[in-house]
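Numbering-wise (UniProt numbering), the sequence shown opens with residue 1 and increments by one.
Hints in this document: simulated from the structure, not taken from any laboratory. Don't take every hint at face value.
In silico lysine-lysine, DSSO-like type, Cα no more than 30 angstroms apart, as pairs [as the list claims (entries may be wrong)]:
# : residue 1 : residue 2
1 : 157       : 33
2 : 217       : 157
3 : 28        : 38
4 : 237       : 39
Computed from a predicted structure; not experimentally measured.
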Amino acid sequence: MIRNNPTLLTEAFSIMINNPKNIDFDNKRSYFKQELKKKDENRNNNYSGTFPITVHRQYVFEESFHQVMSRSSEELKYGKLNVRFYNEDGVDAGGVTRDWFSTLSIQMFNPDYALFKTSAVDKITYQPNRSSWVNPEHLLYFKFCGRIIGKAIYDGKLLDCFFTRSFYKQILGLQIDYKDMEAIDPEYFKSLVWILENNITDILDLTFSIESDDFGKRRIVDLITNGRNIPVTEQNKVDYVKLVSEHRLLNAIKSQVDAFKQGFYEIIPQNLISIFNEQELELLISGLPDIDIDDWRNNTEYQGYNISSPQIQWFWRAVRSFTQEERAKLIQFVTGTSKVPLEGFSKLQGSSGVQRFQIHKAYGNDASTVRLPSAHTCFNQLDLPPYESYEQTRELLLLAINECAGFGFS
Numbered sequence: 001m002i003r004n005n006p007t008l009l010t011e012a013f014s015i016m017i018n019n020p021k022n023i024d025f026d027n028k029r030s031y032f033k034q035e036l037k038k039k040d041e042n043r044n045n046n047y048s049g050t051f052p053i054t055v056h057r058q059y060v061f062e063e064s065f066h067q068v069m070s071r072s073s074e075e076l077k078y079g080k081l082n083v084r085f086y087n088e089d090g091v092d093a094g095g096v097t098r099d100w101f102s103t104l105s106i107q108m109f110n111p112d113y114a115l116f117k118t119s120a121v122d123k124i125t126y127q128p129n130r131s132s133w134v135n136p137e138h139l140l141y142f143k144f145c146g147r148i149i150g151k152a153i154y155d156g157k158l159l160d161c162f163f164t165r166s167f168y169k170q171i172l173g174l175q176i177d178y179k180d181m182e183a184i185d186p187e188y189f190k191s192l193v194w195i196l197e198n199n200i201t202d203i204l205d206l207t208f209s210i211e212s213d214d215f216g217k218r219r220i221v222d223l224i225t226n227g228r229n230i231p232v233t234e235q236n237k238v239d240y241v242k243l244v245s246e247h248r249l250l251n252a253i254k255s256q257v258d259a260f261k262q263g264f265y266e267i268i269p270q271n272l273i274s275i276f277n278e279q280e281l282e283l284l285i286s287g288l289p290d291i292d293i294d295d296w297r298n299n300t301e302y303q304g305y306n307i308s309s310p311q312i313q314w315f316w317r318a319v320r321s322f323t324q325e326e327r328a329k330l331i332q333f334v335t336g337t338s339k340v341p342l343e344g345f346s347k348l349q350g351s352s353g354v355q356r357f358q359i360h361k362a363y364g365n366d367a368s369t370v371r372l373p374s375a376h377t378c379f380n381q382l383d384l385p386p387y388e389s390y391e392q393t394r395e396l397l398l399l400a401i402n403e404c405a406g407f408g409f410s
């Protein structure tokens with residue numbers, strides 16, 4: 001009912017939009033577009049008209065940067081883009097603008113600009129580079145990137161760019177969890193898990209500080225006042241894991257993220273984008289992937305199960321019953337991103353190169369048939385408990401992909 005008439009979300013269903021977890025992605029997206037359209041209709045007429053951009057293709061990033069940043073955010077938000085590439089024929093009826101967005105989103109990640117780095121896990125998702133300061137104008141460039149991605153969303157243009165889960169969370173103002181470290185530095189994540197799961201008394205010689213290395217220049221950063229002189233103990237180790245994760249994931253790139261968000265929120269209202277979670281923000285920016293289930297199944301490996309196991313049969317039956325959005329969220333849950341390689345699932349990337357989709361039988365406490373499936377994104381691995389029916393398998397898979405985006409620090 002809501003999908004066919006999204007105006008209900010601002011009328012009788014207004015309470016639901018204040019609790020967006022209960023609304024599916026399609027309905028959120030419809031409501032989002034509807035609210036943007038309202039703002040467009042109520043805009044100041046001073047900002048109507050076109051927003052012309054003329055650039056050389058080989059200098060698309062620099063020239064677009066200067067032209068976009070020399071104008072107000074209102075002009076960019078409400079203006080109709082009209083793009084022309086020097087020495088190329090063609091009137092922009094939409095196709096040239098799409099080409100411009102596509103080319104620009106590729107150049108955004110050009111290592112020469114030092115703005116973003118690939119994730120250590122999959123090499124296809126990006127995170128702001130904490131050493132981007134080598135580019136003197138790096139913060140203005142991050143603001144520019146925020147404006148461009150915001151404008152693409154505002155105009156309904158999809159971009160082939162994928163960020164780490166923790167960066168999507170930061171854009172949305174969501175809480176970061178130490179588990180987000182797995183996508184950035186899998187080995188460091190393992191060390192944090194070991195600290196939490198073992199008694200470290202008289203074993204580790206750690207303090208509330210971290211050593212930073214910027215282009216060979218090493219320095220000690222205190223996580224708390226005088227942290228380098230405060231030992232980590234069994235009693236305070238949870239605080240240490242929280243602080244060191246926040247430093248690596250938040251503080252080290254805070255100025256870059258803040259600049260990006262400033263540009264992004266000039267185009268997209270913060271209160272409006274906040275109805276989405278980090279998984280849905282990726283789908284909003286990059287679109288739903290085209291998922292070939294047969295290719296996915298043919299390139300999946302099993303441990304503790306085989307292709308004939310009832311749980312595996314139920315898993316693939318559930319996948320076929322899912323909507324396109326639910327399949328995308330399942331891939332996100334297990335691999336960290338909804339992006340599927342152009343060559344298909346046989347070229348899925350993990351922390352050590354090509355790593356096919358894995359389904360492992362859950363053991364120990366995780367084997368309980370009332371526990372949710374869990375995932376290890378650096379290995380593209382789903383740990384599936386030995387559920388006792390198709391209905392249970394489907395129900396708990398859906399619950400996991402919709403509810404287990406992150407747990408945060410209490």
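### Query
Taking 30 angstroms as the top limit, are the C-alpha atoms of residue 28 and residue 38 close enough?
Holds, because 15 angstroms separates the two Cα atoms, which is no more than 30 angstroms.
#### Entry: residue 157 paired with residue 33 [C-alpha distance capped at 30 angstroms]
holds (12 angstroms)
### Task
Please work out if residue 237 and residue 39 have their alpha carbons no farther apart than 30 angstroms.
With Cα atoms ~48 angstroms apart, residue 237 and residue 39 exceed 30 angstroms; violated.
### Message
Next pair to validate is residue 217 with residue 157; report whether the Cα-Cα distance is within 30 angstroms.
### Response
violated (42 angstroms)
Going down the numbered hints, you'll see the structure goes against 2 and 4, while the others check out.
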